[in-house]
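Novice: The lines below spell out each chain.
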Amino acid sequence: MKKTFLTAVALAAVLVTTGCSSGSDDESAAPTSSGSAAAGAGAATTGKVTVLAAASLTESFDKIGTLFEQLNPSAEVTFSYGGSSGLATQITSGAPADVFASASPATMKTVTDAGDNSGEPVTFVKNQLVIAVPKGNPKGITSLAALAKPEFKVALCADAVPCGAAAKKALAAGGVTVKPVTLEQDVKSALAKVKLGEVDAALVYRTDAKAATADVDGVEFPESAQAINDYPIVALKDATNPSGASAFVAFVQTPQAQQVLADAGFQKP
Amino acid sequence: MAIPAIAGLAFLVLPLAGLLIRAPWTTLPERLTEPGILAALRLSLLTATLATIVCLILGVPLAWLLARTTFPGRRFVRALVTVPLVLPPVVGGVALLLVFGRRGLVGEWLDTTFGFTLPFTTTGVVVAEAFVAMPFLVISVEGALRGADSRFEEAAATLGASRWTAFRRVTLPLIAPGVAAGAVLCWARALGEFGATITFAGNFPGRTQTMPLAVYLALEQDLDAAIVLSLVLLVVSVVILATMRDKWVGVP
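Same order as they appear, the protein sequences are chains A and B. Numbering-wise, full-length UniProt numbering puts 107 at position 107 of the first sequence, and it's gapless, one number per residue. Numbering-wise, full-length UniProt numbering puts 133 at position 133 of the second sequence, and it's gapless, one number per residue.
Errors might be hidden in some of the hints.
Counterexamples of contact, computed for chain A against chain B with all Cβ distances above 12 Å [what the hints assert, rightly or not]:
| hint | residue |
| --- | --- |
| 1 | Glu76 |
| 2 | Ala106 |
| 3 | Ala155 |
| 4 | Val161 |
| 5 | Gly174 |
| 6 | Lys179 |
| 7 | Ser189 |
| 8 | Ala192 |
| 9 | Lys193 |
| 10 | Ile228 |
| 11 | Gln256 |
| 12 | Gln259 |
| 13 | Lys268 |
Incomplete in silico selection of chain B near chain A, CB under 10 Å [claimed, not checked]:
| hint | residue |
| --- | --- |
| 14 | Glu30 |
| 15 | Val94 |
| 16 | Leu98 |
| 17 | Arg102 |
| 18 | Gly104 |
| 19 | Thr121 |
| 20 | Thr165 |
| 21 | Ile198 |
| 22 | Thr199 |
| 23 | Gly202 |
| 24 | Thr208 |
| 25 | Leu213 |
| 26 | Tyr216 |
| 27 | Ala218 |
Don't read these hints as lab results, they were simulated from the structure. Positions of the beta carbon are idealized from the N, C-alpha and C atoms, including for glycine.
Working from the sequences, and respecting the hints, build out all of it.
Specialist: Right, dumping it as structure tokens:
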């Protein structure tokens, strides 16, 4: 009886010890494996990263965001797209965001002048304008000069937003005076007016025309070389997730992300 | 009661105070005389007034129909009338484009028959504003009609007045305060209209750029300019609403 009891105690002790030891094995294994993963892919990013990006980056950044989340499964990237200048105003007014990707150095300057950046902005792509026309180019618009004809309805971006500033530069370079019917608040709105058939042409970025190939054709024109837009990106000073912010800024410059941007029609910086 | 009431008041008034505090008072005089502001203000007042007139012409008979007659599906029609109230204005703008746009159901016919298109015109702004603001008028007038005693109209009819005479001479004076209140609401809504306007009529200074559009675009570039524009719109609308209410709506 006593012997049985002792055996039971011994058995229990063995069980407890093996249980403990296997448990401690698991615990020691876990940090090792995550440590090696972190070493392999730089610092693993966790938490939410909020990116304010120019409307023209919508399609590319959605893809880049997915790639980033695949590489950093515990990170979550959310995007807010809009006219760059509006986004810049939001940032200088204290909008909570981690990264700002702008469609022009001028709007980026608004943010850096206010001291809201953390580190220097980096130009990560360039973009240039094309003439967006409805699919099949029914009005046969092939040059910038054609837009000056009074029978064509043309949409431009407002001067205040980068695509409007670029359009102004390109038109000046070509010596063309266009009377637009509307000055849209961002490039996607200008494109929408072409898609809906409300205007015959709009000056939009090549990437926007490419993203909408189902509805519009992009007509290249030589004067657009005079109005190439640099796209700067920067981590923000008041970022709630500073490590996530710098990780995303770095990721946008990796060959993998650059490939996505090139596929969308952006040029290398 | 007093505490939530004061909280409610503060909630509504504080953002306005924010505008006043943040306004660039030192540069205000020169900013106010910028030509763009006057053009946008004039366009806003003009289009909001025209939209209100359109709403009165179409909305009062519609309200009468809803309040004084019975027909199958009246409840459904009444619900349809209020749709623009809940519809995001941008969606309203897209819907207007699909109907009155150059390739729209009605717009295409207008274009081919008369060579006339609505988008990007001042008329387009009026259409967008009227679409969004009309429910305010219809609901107010319908309420007034339901509150008015229909026996006066019946008496007028027994005395030989035609339906139109009875409406004009009896009903309309009875519901005048309701119509005025509805018109003021409708005008105020039209004045502040943004989404449907920028979507349907686009944005061009002097032609379709109303004050709210000018504020939005100024925000893209120059926060101070946006604040000044907002302040102008605020002052003009408060002054007009205050005088209109006292004069015609007869609120004690």
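Novice: Taking the hints in turn, state whether each one holds.
Specialist: For each hint, the structure was consulted:
Even its closest Cβ contact with chain B, about 27 Å, leaves glutamate 76(A) beyond 12 Å, as expected for a residue assigned away from the interface. Not every Cβ of chain B is farther than 12 Å from the Cβ of alanine 106(A); the closest lies at roughly 10 Å, contradicting the non-interface assignment. Distance check for alanine 155(A) against chain B: the nearest CB is about 7 Å away, which does not clear 12 Å, and the non-interface claim fails. Separation of valine 161(A) from chain B is inadequate, the least Cβ-Cβ distance of about 6 Å not exceeding the 12 Å criterion.
Once the 12 Å rule is applied to beta carbons, glycine 174(A) is consistent with being away from chain B; the minimum gap is 22 Å. Chain B draws lysine 179(A) into its interface by the beta-carbon criterion, the shortest separation being 9 Å against a cut-off of 12 Å. With a cut of 12 Å on Cβ distances, serine 189(A) falls inside the contact zone with chain B, its closest approach being about 8 Å. Listed as outside the interface, alanine 192(A) is inconsistent with that label: its C-beta sits roughly 8 Å from the nearest C-beta of chain B, within the 12 Å cut-off.
Look at lysine 193(A): its CB is around 7 Å from the nearest CB on chain B, not clear of 12 Å, so calling it non-interface is violated. With 12 Å as the threshold on Cβ separation, the claim that isoleucine 228(A) sits away from chain B holds: the shortest Cβ distance comes to roughly 21 Å. Consistency note on glutamine 256(A): stated as away from chain B, and its beta-carbon is indeed over 12 Å from all of that chain's, at 33 Å minimum. With a closest Cβ-Cβ approach of about 32 Å to chain B, glutamine 259(A) is found to remain outside the 12 Å limit, as its non-interface label requires.
The claim that lysine 268(A) is not at the interface with chain B holds, since no C-beta of that chain comes within 12 Å of its own (minimum 28 Å). For glutamate 30(B), the interface hint is violated, the least distance from its beta-carbon to any beta-carbon of chain A being 20 Å, above 10 Å. Evaluation of the valine 94(B) hint against chain A yields a held restraint, the C-beta minimum of about 8 Å falling below 10 Å. Because the closest C-beta pair between leucine 98(B) and chain A is about 8 Å apart, less than 10 Å, the hint holds.
Because the beta carbon of arginine 102(B) sits about 5 Å from the nearest beta carbon in chain A, less than 10 Å, this interface hint is met. Look at glycine 104(B): its Cβ gets to within about 9 Å of chain A, closer than 10 Å, so that hint holds up. Proximity of threonine 121(B) to chain A holds as hinted, the smallest CB-CB distance being about 9 Å (cut-off 10 Å). Interface restraint check: threonine 165(B) against chain A, minimum CB-CB distance 45 Å, threshold 10 Å, status violated.
A hinted interface residue such as isoleucine 198(B) counts as satisfied when its beta carbon comes closer than 10 Å to some beta carbon of chain A; here the least separation is about 7 Å, so the hint holds. A distance limit of 10 Å between C-beta atoms decides the matter here; for threonine 199(B) the minimum to chain A is near 8 Å, and the interface restraint holds. Look at glycine 202(B): its Cβ gets to within about 3 Å of chain A, closer than 10 Å, so that hint holds up. The criterion of a C-beta within 10 Å of any C-beta in chain A is met by threonine 208(B), whose closest approach is roughly 7 Å, and the hint holds.
Because the smallest distance between the Cβ of leucine 213(B) and any Cβ of chain A comes to about 8 Å, under 10 Å, the interface hint for this residue holds. With its C-beta approaching chain A no nearer than about 7 Å, tyrosine 216(B) sits inside the 10 Å limit, and its interface hint holds. Interface restraint check: alanine 218(B) against chain A, minimum CB-CB distance 8 Å, threshold 10 Å, status holds.
Hint compliance for this structure: hints 2, 3, 4, 6, 7, 8, 9, 14, 20 are broken, all remaining hints hold.
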